[in-house]
Amino acid sequence: MAERVGIVDHSALKVNQAGIILTVLVAFVGSAFSSWFELLIPALAVVMLLGTWRPDLALFKQFYFKFLKPRGIVKPRPLEDSPTPHNFAQGLGGVFVVIASVLLPFSLVLGLAVSLLVAVLAFINLAFNYCVGCQVYFLLGRTGVLKQA
Amino acid sequence: MSFEVQAAAIGIAGATVGLTAMAARLTSWQARRRAVEEVGTSAGEPYILYFTTQECSICRTHQEPALRKLEATVKKVDAIAEAELAKRYSIYTVPSTVVVRGDGTTAEVNYGYAPAEKLRRQLAAAGFTSAA
Numbered sequence: 047m048a049e050r051v052g053i054v055d056h057s058a059l060k061v062n063q064a065g066i067i068l069t070v071l072v073a074f075v076g077s078a079f080s081s082w083f084e085l086l087i088p089a090l091a092v093v094m095l096l097g098t099w100r101p102d103l104a105l106f107k108q109f110y111f112k113f114l115k116p117r118g119i120v121k122p123r124p125l126e127d128s129p130t131p132h133n134f135a136q137g138l139g140g141v142f143v144v145i146a147s148v149l150l151p152f153s154l155v156l157g158l159a160v161s162l163l164v165a166v167l168a169f170i171n172l173a174f175n176y177c178v179g180c181q182v183y184f185l186l187g188r189t190g191v192l193k194q195a
Numbered sequence: 175m176s177f178e179v180q181a182a183a184i185g186i187a188g189a190t191v192g193l194t195a196m197a198a199r200l201t202s203w204q205a206r207r208r209a210v211e212e213v214g215t216s217a218g219e220p221y222i223l224y225f226t227t228q229e230c231s232i233c234r235t236h237q238e239p240a241l242r243k244l245e246a247t248v249k250k251v252d253a254i255a256e257a258e259l260a261k262r263y264s265i266y267t268v269p270s271t272v273v274v275r276g277d278g279t280t281a282e283v284n285y286g287y288a289p290a291e292k293l294r295r296q297l298a299a300a301g302f303t304s305a306a
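These protein sequence lines are chains A and B, in that order.
Those letters in the first sequence? Residues 47 to 195, per our numbering, in order.
Those letters in the second sequence? Residues 175 to 306, per our numbering, in order.
One chain only, chain A, in its complex shape (with noise of 0.2 Å):
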């Protein structure tokens, strides 16, 4: 896995990280209501690995790039960064919540609690920036399970 040091828009994480948390709620309090709610962490599960796929097709970042940034409505915060981490982080929230999503028909409680364990992951990084996701990075990288330049 190369390490790639380029400029990473923060703001583009932020509203990333936002999304998943809105997401994650909308589902957790909606399923009180209505099953139907449920259905957002399967798809919340598909925009997340999209987005750790192809970044141009990660919802939330280009909701913000497309929307948000154009008109001000968040500043933009480009930072000397490597942008691996940070997908990788999305790529492992991603996981977990498709682990979520196969839990949900099962046990309920399981689903949502797998769902809401995301979102916590997703909310410390939003609000104290700390990736935890970035850190089992590079925890994996020291321990010789990623390679990284």
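No incorrect hints appear here.
Dumping the calculated DSS-like pairs for lysine-lysine here, alpha-carbon to alpha-carbon at most 25 Å:
1) A/K107 x A/K60
2) A/K193 x B/K261
3) A/K60 x A/K112
4) B/K243 x B/K292
5) B/K250 x A/K193
6) B/K249 x B/K292
Treat the hints as calculated values from the structure; they're not laboratory data.
Quick caveat: nothing in here was measured; it's all calculated off a predicted structure.
For this one, chain A is given, so just place chain B on it according to the hints.
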């Protein structure tokens, strides 16, 4: 309308987060205890061990400018090349900074970016006398 499912999910997620946070705190505490040992320097002024890697961009954009504001000695350590030293302080995050007292014992370990003001306070607490 019953909210038992939601309450149970909050309980499970909350317990998981709580246990993980406690484990992380315990690991950090153990690392600090292990770190209280000689690092191979003679008695003198406190200094900072600065762990970084070549790919760490936030180290260059944030941590190094903060370190340049300090008057204390900063010893830069490549966390990958100096794996044993990094392991001693349980460094799995870059940047990380370790404030070392003049007698070689560890005063503070900061995982993640540490602002200059915070490091200055830690250095003063560790007995650094030349700080502005």
